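**Student:** Single-letter residue listing:
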Amino acid sequence: MSDRALLEGSEAIARAAVAAGCRFFTGYPMTPFTKLLEYMAALLPEVDGVCMNAESELEAVGMAWGAATTGHLAATGSTGQGLSLMQESLSEITNARLPLVVFNMARGQGDYFQATRGGGHGDYRHIVLAPMDVPEAVELTRLAFELASQWRTPVMVLGDYYLAHTYQAVSVPSIEGAAPEVPDWALNGSSGGSGSAKIISPLGGGVEGEEGFDLGAHYAACAAHIQEMSAGVDPLVDIGFCDDAELVVAAYGSVGKFVRYACLRLRDAGHRVGYVRPITLWPFPSKAVHDAVAGAANVAVYEQNMGQMVEDVRLATLGAVPVEFIGGPSWDHSGFGIGPDINVPDISERILEAMT
Amino acid sequence: MSNDQIFISTDTPPAEPAALVDDFTPTLITQANHHLCPGCGEPIAIRAAMEAIEELELARSTITVFGIGCYTAFAHNLDVEVVQALHGRAPSVATGIKRMLPDGFVMTVQGDGDMVNEGLQEVLHAAARGENITCLLLNNGVFGETGGQMTTTTTLGQRTKTSIEGRDPHQHGHPILLSDLAATMDGAAYVARCAVNNAGNVARTKRYITKAYESQMAGAGFSLVEILTMCPTGWFVDTLEGPDYLQDTLAPVHNIGELKTPLVQQ
Amino acid sequence: MSTITVRGTVVIDVEACKGCDLCIDACPPRVLEMTNHEVNTRGYRYPRLLAGCTGCQACAQICPDFVFQVYKYDTPQELPLGESSER
Chain A
480 MSDRALLEGS
490 EAIARAAVAA
500 GCRFFTGYPM
510 TPFTKLLEYM
520 AALLPEVDGV
530 CMNAESELEA
540 VGMAWGAATT
550 GHLAATGSTG
560 QGLSLMQESL
570 SEITNARLPL
580 VVFNMARGQG
590 DYFQATRGGG
600 HGDYRHIVLA
610 PMDVPEAVEL
620 TRLAFELASQ
630 WRTPVMVLGD
640 YYLAHTYQAV
650 SVPSIEGAAP
660 EVPDWALNGS
670 SGGSGSAKII
680 SPLGGGVEGE
690 EGFDLGAHYA
700 ACAAHIQEMS
710 AGVDPLVDIG
720 FCDDAELVVA
730 AYGSVGKFVR
740 YACLRLRDAG
750 HRVGYVRPIT
760 LWPFPSKAVH
770 DAVAGAANVA
780 VYEQNMGQMV
790 EDVRLATLGA
800 VPVEFIGGPS
810 WDHSGFGIGP
820 DINVPDISER
830 ILEAMT
Chain B
3 MSNDQIFIST
13 DTPPAEPAAL
23 VDDFTPTLIT
33 QANHHLCPGC
43 GEPIAIRAAM
53 EAIEELELAR
63 STITVFGIGC
73 YTAFAHNLDV
83 EVVQALHGRA
93 PSVATGIKRM
103 LPDGFVMTVQ
113 GDGDMVNEGL
123 QEVLHAAARG
133 ENITCLLLNN
143 GVFGETGGQM
153 TTTTTLGQRT
163 KTSIEGRDPH
173 QHGHPILLSD
183 LAATMDGAAY
193 VARCAVNNAG
203 NVARTKRYIT
213 KAYESQMAGA
223 GFSLVEILTM
233 CPTGWFVDTL
243 EGPDYLQDTL
253 APVHNIGELK
263 TPLVQQ
Chain C
6 MSTITVRGTV
16 VIDVEACKGC
26 DLCIDACPPR
36 VLEMTNHEVN
46 TRGYRYPRLL
56 AGCTGCQACA
66 QICPDFVFQV
76 YKYDTPQELP
86 LGESSER
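Protein chains in written order, with our numbering: chain A, 480 to 835; chain B, 3 to 268; chain C, 6 to 92.
Pulled out of the complex, with its shape left as it was, chain A reads as follows (with noise of 0.2 Å):
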């Protein structure tokens, strides 16, 4: 039973997620991810979950990471630095094959990179979902807890300041439900003296017969699983009016539903414009854009930021389509990226200006 309530983006991604089966939490506080901390604070007590106020966004990677071993849901996040300082744990937390859900409330869009490429060492990706508004994030919530658990790895939900003090009306599954079970690859200290005791560590499970461990053996078999869910996770997009467009608009997360809205104004006008709104930002749906733009004469892409996205844009359309960059870091003084620029008659200018 979910009940339609007025909610503000954080309080609505903290409710998706308990009933998502989410039972840990922790963070470091820091604005505008700190809202999504205090309503996890208040609300997993409730279902006899644990939130915890991390010393730092060190610590808290750390305690999410203990969590993940026993099996039960368990998630972190911040904003932009913060992650900074997860990503070295990030990166190893994906090859000790752990679910694990990462909410960055980031500041603008300038960690687009930070999010699809990661931050941290090695060869590793993580699935990341961008959603547009509260509705979208209710879902990616559900969904990311999901793909967290079958694919043992972490996903990030990548949202920002709008998406997490915006108030929407939205219907929001229950918290009463219980917990996924708790899988048969977590510890509980059980299989301890059974002479084959489990052990979950970044540097993969101990080698028969032999001492230590086959660190070579380990990263190949990470890499192996990242090419699965690479080829196996199906990438959400949101495309548009794309089949007779002279020009096809790019653009992600809340910035992504103004373009939309803008493109939704233009056709309007009589003008042959598309949108494609990648949602899963990795792995990246490369094949739905390749072929929306296939058609068009051009391609822009608005981005808050000097241009990420453009590149994955770049990469599936493969120069079958020119690819321009129309958006740019679009600053206030809070630096909360709240952007002046995002508004649609300011969007709507360059994407006309683009179809010249």
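Hints in this document: simulated from the structure, not taken from any laboratory. These numbers come from a predicted model, not from an experiment. All C-beta atoms, glycine included, are put in the ideal place defined by N, C-alpha and C. There could be a bad hint or two in this list.
[As the list claims (entries may be wrong)] One-sided excerpt, in silico: chain B residues whose CB lies under 8 Å from chain C: (1) Leu38; (2) Val204; (3) Ala205.
Chains B and C: place on chain A using the hints.
**Tutor:** Relative to the frame of chain A, chains B and C by itself:
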């Protein structure tokens, strides 16, 4: 007492009736042959830690979180559940585990480089928070795994690869006495320091570790046992000189003894 | 002929030993002695047992390579001094 070199055969158990009082490898250590250097103190400490787990019948509820150092070789050699953490982060990982498994027995095994250099804030915050976990600090005053560089517990005058003429306070600063620091935390219930450089100290180490475990079992809060271990390779001394080097170089600064005990010790 | 009381004995896994000598000084009755020339297959010298072991386990507790198995005789043995060791 000199006797004229009668060597007793030690290939097989005695024919005469006798009780086996100590087997080769503790049951909770699965792989005896490890790669740690001759004369290393870490296997001695880990043996004491695993024997105490077995004696307190904790094997089926224990999760050990390993830091990164020479002792990491044992992460795959134990018959208790293990989580391998990143350098310095073990107390945080252990916190997440204990919060989700409050009835589980959660401990960390870390070195001085891991705990007192890389992860100082992790262990101090865990202590301040009174996290009901037991942290074991294997302190040999050097980064052993990388060949004997200075750590925050290296003592003044101690020669290492990065304090060649001996640690000089003006250039290298002063050692951090981790146990003394942890003992000042109100959340710390049991804090003790011991060593494994002679049989008596090994027995004391086993006693302190057992008391730390009992403190966790009683829910008394954070417990820490710092164990001074020999590292002949990293100290540039012969294996036979390791025990005395520890006594003369580490023990005078990192004093052995119980620094804090729970008010009510079950 | 005088004898020596022996309360215990050990089994030594010679191949596991890395020749670190720690057991020699740790043994209270000092009845362990490193070989001079004999070495195990890894090239390490190893300890040998003289008469006088008390089964106190000091060697086992200090040994980093778990080389010792320690036994305590149900009744102390009296070993005549001077008898050849290889019985």
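**Student:** Take the hints in turn and mark each one as holding or not.
**Tutor:** Going through the hints against the structure:
no.: 1; hint: Leu38; verdict: holds (7 Å)
no.: 2; hint: Val204; verdict: holds (4 Å)
no.: 3; hint: Ala205; verdict: holds (7 Å)
Going through the hint list in order, the structure satisfies each hint without exception.
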